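There are 2 protein chains.
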Amino acid sequence: MGFLNVHARAEFGSDKMKKVALFGTEHLFCDQYCLEPGQSQKVHAHDSATKLYYVLDGAIEATVGEETRTLQAGDLAFAEPGKIHGITNRSNARARVLVVMGPNPNL
Amino acid sequence: MGFLNVHARAEFGSDKMKKVALFGTEHLFCDQYCLEPGQSQKVHAHDSATKLYYVLDGAIEATVGEETRTLQAGDLAFAEPGKIHGITNRSNARARVLVVMGPNPNL
Numbered sequence: 017m018g019f020l021n022v023h024a025r026a027e028f029g030s031d032k033m034k035k036v037a038l039f040g041t042e043h044l045f046c047d048q049y050c051l052e053p054g055q056s057q058k059v060h061a062h063d064s065a066t067k068l069y070y071v072l073d074g075a076i077e078a079t080v081g082e083e084t085r086t087l088q089a090g091d092l093a094f095a096e097p098g099k100i101h102g103i104t105n106r107s108n109a110r111a112r113v114l115v116v117m118g119p120n121p122n123l
Numbered sequence: 017m018g019f020l021n022v023h024a025r026a027e028f029g030s031d032k033m034k035k036v037a038l039f040g041t042e043h044l045f046c047d048q049y050c051l052e053p054g055q056s057q058k059v060h061a062h063d064s065a066t067k068l069y070y071v072l073d074g075a076i077e078a079t080v081g082e083e084t085r086t087l088q089a090g091d092l093a094f095a096e097p098g099k100i101h102g103i104t105n106r107s108n109a110r111a112r113v114l115v116v117m118g119p120n121p122n123l
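First to last, the protein sequences are chains U and W.
Be aware that the first sequence starts at 17, since it is given in the numbering used here, and climbs by one per residue.
Be aware that the second sequence starts at 17, since it is given in the numbering used here, and climbs by one per residue.
Worth flagging that the hints you see were computed from the coordinates, not collected in a lab.
A quick note: this is a predicted structure, and the numbers were derived from the prediction, not measured.
There's no promise every hint is true.
[What the hints assert, rightly or not] Now the in silico label distances, taken between C-beta atoms and shown as ranges: (1) W:S107 to U:G29: 33 to 43 Å; (2) W:F39 to U:N21: 22 to 32 Å; (3) W:L123 to U:I100: 20 to 30 Å; (4) U:N122 to W:E42: 17 to 27 Å; (5) U:K99 to W:A24: 20 to 30 Å; (6) U:R85 to W:P121: 24 to 34 Å.
Positions of the beta carbon are idealized from the N, C-alpha and C atoms, including for glycine.
Sequences are here, hints too, so could you generate the full structure?
Below is the structure:
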């Protein structure tokens with residue numbers, strides 16, 4: 017099963033940002049993060065992994081290192097190893113983000 | 017520099033599919049592949065890496081393993097280690113694909 021539609025896999029949660037696992041190998045995982053207004057992934061860092069956020073829909077505020085920007089569909093943010101990163105939906109609409117992290121800490 | 021707009025980084029080539037490098041670390045690289053009608057990335061495999069294609073714009077025909085499908089914006093294909101994969105733009109319009117591969121063979 018090497019194919020999927022990302023939009024069809026959207027799922028939101030009322031309590032917190034929903035992480036929808038799309039696929040994973042030892043090398044990387046790919047998730048869809050779905051954020052209701054006000055939801056976030058707190059700023060954090062991984063010493064030995066690289067992460068990217070690609071905005072699919074809506075707008076998020078993304079922090080990478082010392083910089084914070086508002087991103088919209090088509091914008092990408094990436095965090096090199098050790099760099100702090102996080103996202104918050106400060107808009108009034110839902111937002112969805114494609115997330116890839118490698119290597120996969122879960123496998 | 018942890019931010020970029022993917023659409024603004026589109027570049028096409030008349031001779032072959034254009035690979036636009038967006039960023040890379042030892043863990044993964046992220047490119048944008050831009051395909052004029054008829055252009056392709058030939059089917060191939062990586063023994064020790066995982067790759068994903070996420071269609072940004074237009075339509076491509078993607079092969080993963082023994083399966084070939086036509087994918088449009090929002091569709092994703094992924095190839096686990098050792099699995100053959102490739103893409104062809106069989107449409108009459110340009111197509112763009114976000115590509116992530118980990119680990120990065122170039123670093």
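(message) Within 24 to 34 Å: is that where the Cβ-Cβ distance between U:R85 and W:P121 falls?
(response) holds (30 Å)
(request) Mind checking the hinted window 20 to 30 Å against the Cβ distance between U:K99 and W:A24? (result) Between U:K99 and W:A24, where Cβ atoms are some 23 Å apart, the hint holds.
(request) For the range 33 to 43 Å, tell me whether the beta carbons of W:S107 and U:G29 fit it or not. (result) With Cβ atoms ~37 Å apart, the hint holds.
(message) Given a hint of 22 to 32 Å, does the C-beta separation of W:F39 and U:N21 actually sit inside it?
(response) holds (26 Å)
(message) Is 17 to 27 Å respected by the C-beta to C-beta distance linking U:N122 and W:E42?
(response) With a Cβ separation near 19 Å, U:N122 and W:E42 satisfy 17 to 27 Å, so the hint holds.
(request) For the range 20 to 30 Å, tell me whether the beta carbons of W:L123 and U:I100 fit it or not. (result) holds (22 Å)
Violated hints: none; the structure is consistent with every hint.
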